[in-house]
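All chains, full assembly: derive it from the sequences and hints.
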Amino acid sequence: MPQLSYKTFGEGEPLIILHGLFGSLDNWITLAKKFADNYKVYIVDQRNHGLSFHDDAWDYDLMAEDLCEFMSTEQLDKAHLIGHSMGGKTVMNFAVKYPEKVDKLIVADIGPKYYPVHHTTIIKALYSIDVNALSSRNEADEQMQKLISEFGVRQFLLKNLQRDGDSFRWKMNLDVIAKNIEEVGKALNQNATYAQPTLFIRGGKSDYIQDGDFNTIHSIFPKSKIETIAGAGHWLHAEKPAEFFQLVTEFLANE
1 MPQLSYKTFG EGEPLIILHG LFGSLDNWIT LAKKFADNYK VYIVDQRNHG
51 LSFHDDAWDY DLMAEDLCEF MSTEQLDKAH LIGHSMGGKT VMNFAVKYPE
101 KVDKLIVADI GPKYYPVHHT TIIKALYSID VNALSSRNEA DEQMQKLISE
151 FGVRQFLLKN LQRDGDSFRW KMNLDVIAKN IEEVGKALNQ NATYAQPTLF
201 IRGGKSDYIQ DGDFNTIHSI FPKSKIETIA GAGHWLHAEK PAEFFQLVTE
251 FLANE
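Counting from 1, one number per residue, gives the positions in the sequence shown under the UniProt record's numbering.
Since the hints were derived computationally from the structure, they do not count as laboratory data.
Distance condition first, Cα-Cα at most 20 Å in a straight line; then the derived SDA-like pairs of lysine to any residue:
no., residue 1, residue 2
1, K179, D55
2, K205, H234
3, K124, E182
4, K205, P116
5, K97, D59
6, K240, I226
7, K159, T120
8, K34, E11
Here are the computed distance ranges between Cβ atoms for each label pair:
no., residue 1, residue 2, range
9, G231, D77, 32 to 42 Å
10, D175, D61, 12 to 22 Å
11, D59, K225, 22 to 32 Å
12, H54, H118, 18 to 28 Å
Ideal Cβ positions, reconstructed from N, Cα and C, are used throughout, including at glycine.
Structure, rendered in structure tokens:
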């Protein structure tokens, strides 16, 4: 199987970070460098994202196996794991399947429940851009504005645009993501359990983890605690990096 694209920073106990849907390891470089003061940090592109391999098959079972293979290749018996959104679902699935390979688990703004598809506008906006005819990123941004008004969201998505000679192309595998978008919302097996320390961090302005989800979280992750970063939305690590860093650092430092 092809190796996942990754970067490392620092030395010490291994800490692996997985990005969310439409993201890449680049989203985590700033925080990875901060964590690298105390850990050997691996930021990884999941399949069909960033510079990792493209494949027609794409679901959480496969992404958990990709992570297992990655750890084996890097000769890591055990690691701390951080996953945001889709990456959070990946690390949850991985922890349930391979608890012996996980030191501490951190899940950023996603729960183990089912989420209905809510990325239709984003996918439509991405397809509205004719990458073969683009002359600049600004042109792509202008085209996307018709469907996505939030500047920050457009900038996040346009990080996937890569210059390829005289034209542009998407780094991510947009066709496979669009075709299998239902997979992203799939719930964890509700009978699953992971009995080791787990930290869920939610954004105070995000609706991904609601108070009504706490019972489900605690039933699958009995040693979990749930923290809220006030004023942060779904991209809480980008919006409130200092608060996110502090919560994770304290959790990892506690025996």
